[in-house]
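There are 2 protein chains.
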Amino acid sequence: MSYPPSLQAVVDELGRFPGVGPKSAQRIAFWLMRQPTEDVRRLSQSLDDMKENLSFCERCCNFAESGGLCPICADDRRDQTTICVVESPPDVVAVERSRAFHGTYHVLHGLLSPLEGVTPDRLRIQELLTRLHGPVKEVILCFNANLEGDATAMYLGRLLQVPGLVVSQPANGLPVGGDLEFADDLTLSRAITGRRVLAD
Amino acid sequence: MSYPPSLQAVVDELGRFPGVGPKSAQRIAFWLMRQPTEDVRRLSQSLDDMKENLSFCERCCNFAESGGLCPICADDRRDQTTICVVESPPDVVAVERSRAFHGTYHVLHGLLSPLEGVTPDRLRIQELLTRLHGPVKEVILCFNANLEGDATAMYLGRLLQVPGLVVSQPANGLPVGGDLEFADDLTLSRAITGRRVLAD
Chain A
160 MSYPPSLQAV VDELGRFPGV GPKSAQRIAF WLMRQPTEDV RRLSQSLDDM
210 KENLSFCERC CNFAESGGLC PICADDRRDQ TTICVVESPP DVVAVERSRA
260 FHGTYHVLHG LLSPLEGVTP DRLRIQELLT RLHGPVKEVI LCFNANLEGD
310 ATAMYLGRLL QVPGLVVSQP ANGLPVGGDL EFADDLTLSR AITGRRVLAD
Chain B
160 MSYPPSLQAV VDELGRFPGV GPKSAQRIAF WLMRQPTEDV RRLSQSLDDM
210 KENLSFCERC CNFAESGGLC PICADDRRDQ TTICVVESPP DVVAVERSRA
260 FHGTYHVLHG LLSPLEGVTP DRLRIQELLT RLHGPVKEVI LCFNANLEGD
310 ATAMYLGRLL QVPGLVVSQP ANGLPVGGDL EFADDLTLSR AITGRRVLAD
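Chains as they are written, first to last, in my numbering: chain A, 160 to 359; chain B, 160 to 359.
If you're looking for bench data, these hints aren't it; they were derived computationally from the structure.
One thing to keep in mind: the hints can contain errors.
The list treats identical chains as interchangeable, and a pair is accepted whether it falls inside one copy or across any two copies.
[As the list claims (entries may be wrong)] Below 25 Å or equal to it, Euclidean Cα-Cα: the simulated SDA-like pairs (lysine to any residue) are: (1) LYS182 - ASP208; (2) LYS182 - ARG201; (3) LYS296 - LEU213; (4) LYS296 - ARG256; (5) LYS182 - ARG258; (6) LYS296 - VAL321; (7) LYS182 - GLN194; (8) LYS182 - VAL321; (9) LYS182 - LEU274; (10) LYS182 - ARG200; (11) LYS296 - ALA310; (12) LYS182 - MET313; (13) LYS182 - ARG283; (14) LYS296 - ARG317; (15) LYS296 - PRO164; (16) LYS182 - SER165.
My request is simple: use the sequences and hints to build the entire structure.
Have a look at this one:
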């Protein structure tokens with residue numbers, strides 16, 4: 160004896176979610192069964208809406224509603240000569256929050272990771288290279304400071320050796336409000352190597 | 160700047176799932192965006208189907224497809240005089256797998272837990288009491304051997320003090336294939352207290 164087919168179908172679909180195992184899928188399915196029908200209909204409707212209305216910006220590959228360009232690429236006031244390359248859409252939100260960047264973005268949708276089978280052709284690198292034919296003067300490689308981030312930055316750094324194009328990375332260093340005593344060795348070493356001159 | 164509304168709607172809906180936090184909801188939503196449209200449509204369709212076709216058995220409160228009775232309650236060959244009371248539908252599947260029980264079930268959809276606000280009126284206890292007007296001779300209280308399970312068994316044990324009705328619980332003891340050395344004190348104590356006589 161097993162579950163009724165219509166319940167099993169939901170358990171199977173939920174079990175495909177990243178980070179959701181069979182046990183969690185079952186718990187979520189039971190929880191959904193106990194929710195009002197209109198709540199579950201709202202969920203399924205939101206899924207259909209998302210797939211229908213949301214696509215990827217044809218320039219920067221970030222999410223864009225109703226096709227074409229995303230709000231940032233479509234904004235004439237943004238500096239089209241500078242591209243900040245990031246791993247994923249949340250990074251765009253994070254950099255926007257910093258209010259320190261007024262150029263455009265490019266979302267790779269991943270970082271290079273040979274061990275997990277993420278090779279350059281799995282990322283939106285070709286789309287980035289196409290953009291270099293435009294008025295681009297600087298590309299900022301803004302990735303997490305880990306193995307995958309460094310590997311992707313190194314790969315792109317070599318690939319983007321184009322005359323007249325500046326390729327940069329954000330500074331590594333002590334986080335603002337961070338405690339010197341608790342900084343890890345690598346962060347402290349990079350902070351000291353990249354020290355700023357206050358008076359000369 | 161935040162996410163497009165149709166993406167945010169999905170993140171919000173997924174974030175309501177039990178055991179799924181805002182970060183996981185975001186990861187799942189991004190993953191769904193990368194899936195083929197027909198896969199996501201199949202998921203939303205399965206949710207709608209489940210809410211439409213699946214309901215609760217009007218006798219045992221387990222899941223039942225297309226209304227009325229579940230397959231077990233509808234099966235004339237099952238012993239209608241014995242009811243195995245369990246916490247949730249997976250427990251029915253587990254007991255069925257044991258092939259040791261041929262009666263019917265009653266699913267409470269929870270266990271008593273005053274700390275988490277689960278009081279008797281939140282469980283399907285009234286439906287169980289209604290069933291006692293039928294030809295029921297024995298009720299087996301088959302709950303997890305923890306605080307909530309013991310509390311629920313104790314509560315129901317008192318409630319079911321009806322002349323001619325046997326209320327029982329499965330034996331506690333050493334799991335088959337288990338190692339005596341690694342059995343916890345309570346299990347071992349219950350196994351010895353409930354020892355079986357082999358020869359007399």
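Which numbered hints does this structure break?
-> 3, 8, 12, 15
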